[in-house]
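Input sequences plus hints: build the corresponding full structure.
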Amino acid sequence: MNTAVKERIQQDFQDRMDRDELENCMRCGFCLPVCPTYIQSGYDETQSPRGRIALMKGIVDGEIEPDEDIEKTLNECLGCRACEPACPAGVNYGQLLEEARDIFNQNKKHSLPAKMVRKTVFDGLFPHQNRMENMTSLLHFYQHSGMQKMTRKIGFMKLFPESMATMERVLPDVPTRKEMRARQKYYQHENKPKATVAFFKGCLMDTMFMETNKATIELLQKVGCDIVVPDTQNCCGALHGHAGEKDKAKELAKKNIAAFEEVNADFIITNAGGCGAFLNDYDHLLKDDPEWADHAARFTEKIKDITTILVELDFHKMPLKLPEQVVTYQDSCHLRNVQKTFEEPRILLQSIDGPHYQEMNDAARCCGSAGIYNIVHSELSMKHLDYKMEQVKHTAATTIVTTNPGCLLQMKLGIEREGLSDKMRAVHIVELLIEAVDESKRG
Amino acid sequence: MEKSIVQRLKQIVGDQNVETSSMSLHSYSYDATPGFRKTPDAVVAPANTEEVAEVVKICNEHNIPITSRGSGTNLSAGTTPLQGGVVLLFKHMNKILEIDEQNLTATVQPGVITQTLIEAVEEKGLLYPPDPSSMTVSTIGGNINENSGGLRGLKYGVTRDYVFGLKIVLPNGSIMETGGKLMKDVAGYDLTRLFVGSEGTLGVVTEAILKLVPLPAHKKTMLATYEDIDDAAKTVSAIIKARIIPATIEFLDQPTVEVVEAYNQVGLPTDAQAILLIEQDGPESVVTSDIEKMAGICKEFSAVTVNIAKDEEEANALTTARRSALSTIARLRPTTFLEDATVPRSQVAPMVKAINEIAIKYDVKICTFGHAGDGNLHPTVPTDVRNKEEFHRVEQAFAEIFEKAVELGGTITGEHGVGAMKAPYLKLKLGEAGIQAMKGIKQSFDPNDIMNPGKLFFEADQEEVSHR
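Residue numbers (our numbering), protein chains in the order written: chain L, 1 to 443; chain G, 1 to 468.
Just so you know, these hints were derived from the structure itself, not from any lab. Hints are not guaranteed to be accurate.
Said to hold, decoys possible - With a straight-line Cα cutoff of 30 Å, these simulated DSS-like cross-link-like pairs (lysine-lysine) come out: (1) G:K38 x L:K72; (2) G:K10 x L:K383; (3) G:K91 x L:K393; (4) G:K38 x L:K6.
Just so you know, these numbers come straight off a predicted model, no measurement behind them.
Written out as structure tokens, the structure is:
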């Protein structure tokens, strides 16, 4: 990083960082014991929220020059935001982190390959649902044409980082383009009508995890919801926001707000903790945009996770049954720390007849998935995952339940890495709930 | 710092345990005290007592200051490296070495988190009573060096009452062991007690033998609200006079209750002028009868409501609210100053009233909470350090609070330590003779003044520190 770049970054920190928010950190250290990177690093202050905030403030105050070390520690933060509920002063760490990363990123010359990957992913792929569909149908072709078999046989995936190679094995069996195109835009309630909701389908959830979305809609119907799925919605922008691509995130946010304003629903339902949290932050993301600030505020008020609405509409009082098994729950960091939803999934799981629910030690600690963290910081991510799998094993669970696609893939990865795929599975909570409904019908 | 010295430090503790990057140095330039910051020259993390001794020898040889640091939760700038030099970390020395169930002791390294120790001994049916509010973060080494108190101080005492023995690296690099697993030991000066609360100015504690007590079988929590602070204070005196020593009697004033409730939502009445949180532990019959008697006393002194927590969950919620009081006040304004002026418990009411008058006089907001049972109050000021004019008024208010505390037979600090923050006021409490006696001790242990320099003693020409 040369002097000119450093100066530009410093200037941007001074212009853009929220000084009051930085000042609000009283350095009490209450965030330390809940920070996965602080613990994983062997108690290194530079890897803690308090340390990272001090570094941001140091740059703003001109006490320290921005450099590669600082950029690295900011990037190596999981962004799980476990520090936020632990912070007595209510410092909004996630927003500080995103702003700081965005500044570093904007002043950075990415290497050509990195630039290409970023452009493909952030500009070319996620914002365009049809392209997501194309990619998914490509994946379907890969999985069903014999190519997957061949790739595995010749050991092609060995050329990739270990976590990516394992990831290739645990990807869900994805739908065909035809199946994806057959999705409806409106679904009617079963039983008594109770609410009209709009469903935020999510870019990945809508393609790679279409089954999860299907289950979500069925559950909503069962509790009496009429469901609208606005077809002009798109990716929530979380991946962009967390990776220092704030402007792109804002564009996506505006499109989504407009899409959901067209359908005037009581709530907007999500089934991905990470997306939900980012949708929840739209009001902050657009707070300085006079044209959009109010719209964003109204939008965020309506966001609700699927588990929340299910509990509110008494789903857990319906007959639910499953064979005997030990079930445990891995919190989605953003569902827990940002949307403050952690009781509802547990209430739902404990209302199923048959299984034994066993709470996992440190269930709230990040599994290391963290958006694209497990791809870009593969080695660190696997350390977090190893710790997580230790805790899973202590519960003797055969079913790990999650509430976010990233967590779901990571837990599948963990199971695969531990060689436990014949006796353990990871599922999204809605899939387990649908199983429980079906099972209870069978009597 | 000279490269050759960094090299020698690396030879002792390993390359990866000496940090000199600008990021690392910045990250160890502060603790939890607002207004103090100074960048050290190196951050060193030794693995054992012998490595500490070698590091100390080099520093003594070259007059390099050493600031020992646990988790950096200090509130008197005691762990800010005000004169640069080496920040000594104990992140590798964080093991519980032994829990001795026959002698009821725990032998620990300084980097053990207080809460970790408390949980480990509880599993064996034992109690380590000192429980500072920062115990989920703070280390035992920090607690020993600051002689930390906590909520259970009234009945169980403070850290110094639970330290049986220490292993210490002296400033010249020699290793000394004091005390032992001994209830009785009068072999010479009580060096254990001298080092407890010495704020890292005499040497480096590298191991400690701590006293444990049996875990009380039962615990009950109650809460009383008052329309008048005086009534709350009278209740405290009456409880002690009735020969009941509860585990804790905590006090929260109205501004404190209001913010604590806003954050924790445990159902505290936000309009009360004062709240007492009382806890008793021990055998069930004693606890029940004590709590009943105390509830009676609360009512006798015009408590508006008296609630006895129905179950552990409710009790935990109430104590959690008190534990987070300090940090919660931080929500009001960007900067939070927390003091710990302490008076004899009979003087709590006059002290609280004086604090309220001082708040009006200097036009600053002061939330007061604390350990009413042992007279240890925490007048806390939410402010903004960037507002120089207001900050000046805050300083004036605190100076007057310290004077008043000493006048009432109290002290300038009950449990946070003097550090740099309260060094200017130490004379108020000790007088010139006391200061000289302490300086004599410091001089004989640490003639080169390498151990946490700039703390305890205030020099008029002390280097101006960064106030950001």
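Hint by hint, here is what the structure shows:
no. : hint           : result
1   : G:K38 x L:K72  : holds, 23 Å
2   : G:K10 x L:K383 : holds, 27 Å
3   : G:K91 x L:K393 : holds, 28 Å
4   : G:K38 x L:K6   : holds, 22 Å
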